[in-house]
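Visitor: Okay, so the sequence shown: first residue is 10 according to this note's numbering, each after it adds one.
These are computed hints drawn from the structure, not numbers from a lab.
There's no promise every hint is true.
Subject to a maximum C-alpha distance of 20 angstroms in a straight line, what follows is the list of computed SDA-like cross-link-like pairs (lysine to any residue) [unchecked claim]:
1) K399 <-> G213
2) K534 <-> S559
3) K159 <-> Y466
4) K549 <-> Y466
5) K359 <-> D426
6) K244 <-> E288
7) K534 <-> L503
8) K666 <-> L718
Label-pair restraints from in silico Cβ distances [what the hints assert, rightly or not]:
9) M353 <-> G597: 31 to 37 angstroms
10) I538 <-> N401: 56 to 62 angstroms
11) E336 <-> N688: 31 to 37 angstroms
12) N688 <-> N286: 51 to 57 angstroms
13) Y623 <-> Q652: 22 to 28 angstroms
Quick caveat, the model's predicted, so the values are computed rather than measured.
Where a beta carbon is used, it is the ideal one built from N, C-alpha and C, also for glycine.
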Amino acid sequence: MWLQEISRVNSCVVALREIDLGEPGRWWESMTDRYVELHAASAFSFLEGASQPEDIVERAVEIEMPAISLLDRNGLYGAARFHTSAERNNVQAHIGAEISVSDLGLRLAPPFWLPHQYSPEAARLPLLCESRHGYQNLCQLITKFKMREKTKAEGAATLQDLEQYGSGLVCLTGGTEGPLAAALTRGGEEEGRRVVAQLAGIFGQHNVYVELQRHYEREEEWRNQAALRIADSLKLPVLATNGVRYATPGDREILDVFTAIRNHTDLDCAGRLLAFNSERYLRTPRAMNRLFRDIPHAVSNTCELSSRLQFRLGDLGYEFPRYPVPEGETMDSFLRKRVAEGVMKRYGQKNNRDLLTQAKKQVGYELALIERLGFSGYFLIVWDIVNFCKENDILIQGRGSAANSAVCYSLEITAIDPVGMNLLFERFLSENRGEWPDIDLDLPSEDKREQAIQYVYQRYGELGAAMTANVITYRGKSSAREVGKALGIDQESLSRLSNLVGQWEWRGKTDTMEHSFAGAGFDLKHPRIAKYLELCTRIKDLPRHLGQHSGGMVICQDHLNSIVPLERASMPGRTVVQWDKEDCADLGIIKVDLLGLGMMAVVHDSLELISRHYGDAVDLANLPEDKDVYETLQRADTVGMFQIESRAQMASLPRNKPENFYDLVVQVAIIRPGPIVGNMMHPYIRRRQEKEEITYPHPSLEEILKRTLGVPLFQEQLLRIAMTVADFSGAEAEELRRAVGMRRSWIE
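With the sequences and hints as input, model every part of the structure.
Guide: So, in structure tokens, the structure goes:
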């Protein structure tokens, strides 16, 4: 069976390696150990790679490889994480991709006698970025054939696409999946020579390398010898690679599972769909020199080519859009005028001269920092989206730390007065933090939000804006279900197991894969079940496919498709970048979140009904305190009330008895993981009920903790303590907040 066979083969291979490495004095050990792997793929090739980009980089560090390339299938999905990890580990990260090309034939297919259907795929051409121009061309090449599809689909490039976007790219002829292998099998050396010559005509003689791989397969070596003759006849350099699909030999098991999943079969029936052996791992430079000792220049060429690949992903050239302002204005001056108008509108109607004076002083401080950091355009673009929504009767509301900004309040991005509420601006933006502002906008779900999203697409163009991706990874349920199918576990057992395995939330100490398997009736001592459990655990968090973020949009001054590849989203009328929001943030790409919230539709309807039946126009920024509302809350009559409808909220409301808006803010905040785990909820409730004396850890903290009865509940309080008592800067206080692991959601 599959498990016994792979175990036997791995044991033999390991034994052979030990014999080979255990004999000192071999003549090739005096050779150089310099080698760079220029053809590796990660799990972001989606079921065709078995290791995270970070694991491949860590393996490179372990074997002292100074540089490595990542070429995932038809995209740069893993490139951002690969680059970030490589920078952290002082490894040079070369960027590229394997591109399906329809005009170069079909990649080698399994034998015709396999008992399952096999969908033929176009041969894949490995491309490496030599310069930023080459990277931009690769992004545009991928975008072009992805966007050519009417729906979310893999797609393929054409030779015409390669001619248009081939500049700045280095082409390899590929391994088993490549066009040379397909041509040799299809028409022998003559056809192979024709295809390679065609590639040299497109990319240039200096930019095509004939690739050689050795995985101890007889047919592969026949192709290598033909490739050597073709390279010699066309005067092209040869290049040794290992066609890496996983970091270590043991990860081959994961790739086999993925192969079965991809081909909708199980491992016992997969046959030649599976790899011959476990050789497609990241080999040491010494091992590659030994493997290609008869063609030493194929190995030395890897270092020569690596030195040519100067592009680094940190050099994207991304620029946030500049907001168009009237002639004679700058973005800074235009923003100042809009904020000044907003201050008079929002604070002027409060009839509080002191508050107005304080607000003007605060927005002056904030605007000076915004201008110094060059963020005026960002605030104007968010303001522009808010204006569009107001003009089209779409209720929109900023959430999160943006509520701490008087500028956001004056621009009507938020509806909470941060000056009157004495909120800390540094919670939102700090000079030394080195981050862009992050303003999340809530809109009614469905059509209204889609209208706002389409406005952004219309304003910045189909290739100038896109949704951020959401990488769908294997979790408990999905890993147990799909690995079970690959191992041939019966459907009844899988259904029982799926009901026991947690999906996202942690249910307690017994919420483990082992406990779930035992509860489903599996014998954990059985070798097949033990391997099942092991594989389920190992594939957790590996990417399954690409989805789209619920509302994160990235926009660019010029074409976004020269910064990161775009592709069709599953929802019509939308495009998505190939990186998620964390990847975009790591590389300095700015997003604006347009989030759907069902309660916003309810609030919008309520505002209309109040106006229609009572004739009163309600301003969310100036809601009156209503005694009847708080009496309702104190009775815990809150079924269907957003944020305070949970059992925990309903249980604590009669004990806390909120009497004003700030009490309600505290009420929402205490039923969160942070205050509960930090043992802050019950002391606050006891003090609120006058069952416990109000005390402060130190007299200097009284002013900061007075409103929460001496109990720290908000991230903002931690920042004030650090800045006031410990004399931290805003950036240092923010670092402290992150270090102690306080969750952003406490105040949001």
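Visitor: Compare the structure with each hint and give your call.
Guide: Comparing the hints with the structure gives:
Proposed proximity of K399 and G213 is contradicted: the alpha carbons are some 55 angstroms apart, above 20 angstroms. With a C-alpha separation of about 42 angstroms, the suggested pair K534 and S559 falls outside the 20 angstroms cut-off, and the hint is violated. At roughly 17 angstroms between alpha-carbon atoms, K159 and Y466 fall within 20 angstroms of each other, so this suggested pair holds. This hinted pair does not check out: K549 and Y466 have alpha carbons roughly 35 angstroms apart, beyond 20 angstroms.
Distance hint between K359 and D426 is fulfilled; the C-alpha atoms sit about 11 angstroms from each other, no more than 20 angstroms. For the proposed pair K244 and E288, the alpha carbon gap of about 30 angstroms is over 20 angstroms, so the pair is violated. With a C-alpha separation of about 18 angstroms, the suggested pairing of K534 with L503 holds against the 20 angstroms cut-off. Note on K666 and L718: the hinted pairing holds, with a Cα-Cα distance of about 14 angstroms set against a maximum of 20 angstroms.
At roughly 36 angstroms, the beta-carbon separation of M353 and G597 lies within the given 31 to 37 angstroms, and the hint holds. Checked against the hint of 56 to 62 angstroms, the pair I538 and N401 passes, with Cβ atoms roughly 58 angstroms apart. A hinted range of 31 to 37 angstroms is violated for the C-beta pair E336 and N688, which are about 60 angstroms apart. With their beta carbons about 55 angstroms apart, N688 and N286 fall inside the hinted range of 51 to 57 angstroms.
Taking the beta carbon of each, Y623 and Q652 are about 25 angstroms apart, inside 22 to 28 angstroms as hinted.
Violated hints, in rising order: 1, 2, 4, 6, 11; the structure is consistent with all others.
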